[in-house]
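All chains should be built: construct the whole structure from the sequences, respecting the hints.
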Amino acid sequence: MDVIVWLIPVALFLGLAGLAGFFWAVRSGQFDDPEGAANRILLDDDRL
Amino acid sequence: MTLVSSRNEITATAGCCLSSAAGDLATARAGSDSARPAESLSDFVTVDGDGVCRIGLYTDGVHCSGCIAAIEGALGRLPDMLEARLNLTSRRLRLAWRGDAERVNLFAGTVRSLGYAVMPVDDDAADQPGSREERQLLAALAIAGFAAANVMLLSVSVWSGHVSGMGEGTRTLFHWLSALIALPAIAWSGRPFFRSAWRALAKRRLNMDVPIALAVVLASMMSVAQTAMAAEHAYFDAAITLLFFLLVGRYLDQRMRSRARSAAARLAGLAPRRATRISDDGRLTETRVEDLTAGMRIQIMPGDRLPVDGRIEAGTSSLDASLLTGESLPRTVRPGDTVHAGTVNLDGLLTVRVLAVGNATLLADIARMTEAAEGRKTEYIRLADRLAQWYAPVVHIVSAAAFLGWLLVGGGWVWSLTVAITALIITCPCALGLAVPATQTVAVGRLLARGVVVKAADGLERLAEIDTVVFDKTGTLTEGRPVLLDPENHDSRDLALAAALARHSRHPFSRALVAAGDPGELIIRDVREEAGAGLEGLLDGQPVRLGSARWCGVGEQLPETGTDSLVWLRRGDQPAIAFRFEDRLRDDAISAVTGLRQAGLALYLLSGDQPGPVTEAAGRLGITNAQAGLSPGDKLRIIETLRADGCRVLMVGDGLNDAPALAAGHASAALGDAADISRMASDVVLQGNRLRDLVELVVVARAAKRIAFQNFAMALLYNLVAVPVAVLGFATPLVAAVAMSSSSLLVTLNALRLRLVARRIG
Chain X
1 MDVIVWLIPV ALFLGLAGLA GFFWAVRSGQ FDDPEGAANR ILLDDDRL
Chain B
1 MTLVSSRNEI TATAGCCLSS AAGDLATARA GSDSARPAES LSDFVTVDGD GVCRIGLYTD
61 GVHCSGCIAA IEGALGRLPD MLEARLNLTS RRLRLAWRGD AERVNLFAGT VRSLGYAVMP
121 VDDDAADQPG SREERQLLAA LAIAGFAAAN VMLLSVSVWS GHVSGMGEGT RTLFHWLSAL
181 IALPAIAWSG RPFFRSAWRA LAKRRLNMDV PIALAVVLAS MMSVAQTAMA AEHAYFDAAI
241 TLLFFLLVGR YLDQRMRSRA RSAAARLAGL APRRATRISD DGRLTETRVE DLTAGMRIQI
301 MPGDRLPVDG RIEAGTSSLD ASLLTGESLP RTVRPGDTVH AGTVNLDGLL TVRVLAVGNA
361 TLLADIARMT EAAEGRKTEY IRLADRLAQW YAPVVHIVSA AAFLGWLLVG GGWVWSLTVA
421 ITALIITCPC ALGLAVPATQ TVAVGRLLAR GVVVKAADGL ERLAEIDTVV FDKTGTLTEG
481 RPVLLDPENH DSRDLALAAA LARHSRHPFS RALVAAGDPG ELIIRDVREE AGAGLEGLLD
541 GQPVRLGSAR WCGVGEQLPE TGTDSLVWLR RGDQPAIAFR FEDRLRDDAI SAVTGLRQAG
601 LALYLLSGDQ PGPVTEAAGR LGITNAQAGL SPGDKLRIIE TLRADGCRVL MVGDGLNDAP
661 ALAAGHASAA LGDAADISRM ASDVVLQGNR LRDLVELVVV ARAAKRIAFQ NFAMALLYNL
721 VAVPVAVLGF ATPLVAAVAM SSSSLLVTLN ALRLRLVARR IG
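For the record, the sequence lines run as chains X and B.
Residue 42 in the working numbering is what sits at position 42 of the first sequence, and the numbering runs on without skipping anything.
Residue 531 in the working numbering is what sits at position 531 of the second sequence, and the numbering runs on without skipping anything.
Since the hints were derived computationally from the structure, they do not count as laboratory data.
Keep in mind that the hints are not guaranteed to be accurate.
[As the list claims (entries may be wrong)] Distance windows between CB atoms, simulated:
#, chain 1, residue 1, chain 2, residue 2, range
1, X, 13, B, 202, 37 to 43 Å
2, B, 755, X, 20, 31 to 37 Å
3, X, 18, B, 228, 44 to 50 Å
4, B, 232, X, 21, 35 to 41 Å
5, X, 18, B, 414, 34 to 40 Å
[To be verified] Simulated coverage check for chain B against chain X, where a stretch passes if three residues somewhere in it have a Cβ under 8 Å from a Cβ of chain X:
#, region
6, 84-90
7, 138-152
8, 330-339
Note that beta-carbon positions come from the ideal geometry of N, C-alpha and C, so glycine has one too.
Next up, the structure:
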């Protein structure tokens, strides 16, 4: 059972990393225009 | 090479996607052009310290990647353009450039020439507060979700530990770990509920957030106590899962409202901000409208909107007063006539002596009447809140009774408290907190995709209750501008000649002629416009005249039926030709009216126009209750009388003269090209200007209400079964949390059923 001493912190850390990633995504505006983002991948020109 | 070809393809797709929308856009634009002459957008540009100009523009008609490519491609290539980005979700085009602020009119012209309508929006005022609140809720939701998942992982281990023989030490360690994750998360994510509950308690009232906050706080405190005593159960999982589910509902509610707000946040600023003042020595100076005072003289160019009330000193012209009075035809004004702010000068140069400015104008009177009507309207209590008024006390009484009852029969305080918390969690108002927002989100999202913006948070609920619809005529049921009747009965050469002459004027009849006939290569020289009479020009040395009967020297009068108007065309000495015009019903007016009647609604027509056109329109639509010649105050009074008789009125209008009536109705809808104040005053804006959408609006609103009631019924039934079980002590908080979650899922799934209803009508 000693392994849980490692496993629990590792699991928590992974969860926290996901949470931080989500916050980063929100803050960097990735949810500001979901419709536009879906359509923009159809544009070939990188400049747009 | 590949780059170039791919860009061409994009432009090609843009072209094809535009062509589908081009038809209605062209008409929409023609309509808004006639109502709104070219006014400068540069007043809306903000310039920062580095000389960078910025503006946000609402762009109507964008819907695909082709639209993005067309707009951003056209603007991004311009020199000194720093940023040109189109947000497809909020339909905002954000522009930043170096140089002259005036260039914005050029940019807007470019976008318009691609086939989209643009309007300035005030980004700071409309967008920011909503999105900050929304972002906070999203963060709370994310943290609650993270905590709920991790606590649940630990809890599942503990539960299986009961079977497989987990030691007491490990169990307590897991409980402490749960506390470590759950307590900060609850404290942080629960803030929206705690705040709202506290506000209600401070006012000595109960709302739905009081039992929620109480259940969460009690469950956490009790779990800490249990954990400290190394007991077998802790209920962190129940508390945090409850919060997570409720936050989903809260977030959906918030997002729906802020999306509707951003879509409706076109600025109330298309009123003129500048005027040309004539000094006593005859010099012309640009002044701000706020600096004008009574007694000053101002000059009004053709195409300008009047900023003030005044009397004409010099010049004759035609004034378009349709937004103000509902009259479809322009009025000819001469020196000595009184004119009002908000009307549009069509063809002559006018010198106006200012009589009243700002708050003293007729325009401001209407605005005040609108505000007063809004104030008189009794505050509508939302469905969920009405239920909460009796639901919340019942929940508290039941839990308190369970606690005291178990304490009295000797259950011990720990057991009694557990039962009380279980009852609180089981009765958690998920149907109210989750299902109603979910239903509304589906309904509002569906309507938004059709261009129907539900602005008011309780708008759908009020719409579901209406039994009477009151229409305005000019601009609402009709196009709001004259259209040439029977163009096929005219010689195409006559039409071409009339159109070639009409090109030089902004009078509504001229615009209708240009729309109906193609001038081709015809060029008419020396065109001059005689205000209130007509146009004259030279074709191959021969005079050509277009205008009233007198202007064209027509002696005999053709009968006018009262609904249509005649315009004459005379070339040299040849006999004059008559063109007949009418303010036509919108294409979908009849089907919309029929649909609403089939939905069981009583219909009224209230108009400020002359009796002739009103009777004609009412007859064609089959509306028996029609009244003409009404002032804005009259409309307001009729709506209030109807309300006093117990009718729940949906007012549909567009003009300034409708604004007080829109504010007074139980619910109200304005068309997308309506006057700003009317859009502000109404609950729903039909951005596509399609009356047919009203039918869908009513059907969806009613379906949303039906589904909300089903959800309440389900939740109530579930409570009737679960509460006795909980109170009698057969359910632990764990079972309560599982039961609560499953009922949440059930009501949410039922709410999503609305999508099917919406699809059936669409």
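Hint check results:
Hint check: residue 13/X to residue 202/B, Cβ distance near 41 Å, so the stated range 37 to 43 Å holds. Between residue 755/B and residue 20/X the beta carbon distance is about 34 Å. The supplied range of 31 to 37 Å therefore holds. Under the hint 44 to 50 Å, the C-beta atoms of residue 18/X and residue 228/B, about 31 Å apart, miss the expected range. Distance hint for residue 232/B and residue 21/X: a CB-CB separation of about 36 Å, consistent with the stated range 35 to 41 Å.
Checked against the hint of 34 to 40 Å, the C-beta distance between residue 18/X and residue 414/B comes to roughly 36 Å, which is consistent with it. With 5 residues having a beta carbon nearer than 8 Å to a beta carbon of chain X, the region 84-90 of chain B meets the requirement of three or more and the stated coverage holds. For the region 138-152 of chain B, the assignment as covered by chain X holds, since 7 residues bring a beta-carbon within under 8 Å of that chain's beta-carbons and 3 suffice. Closer than 8 Å: that is the beta-carbon criterion, and the region 330-339 of chain B has 0 residues meeting it against chain X, so the requirement of 3 is violated.
Against the hints set out earlier in the document, violations occur for numbers 3, 8.
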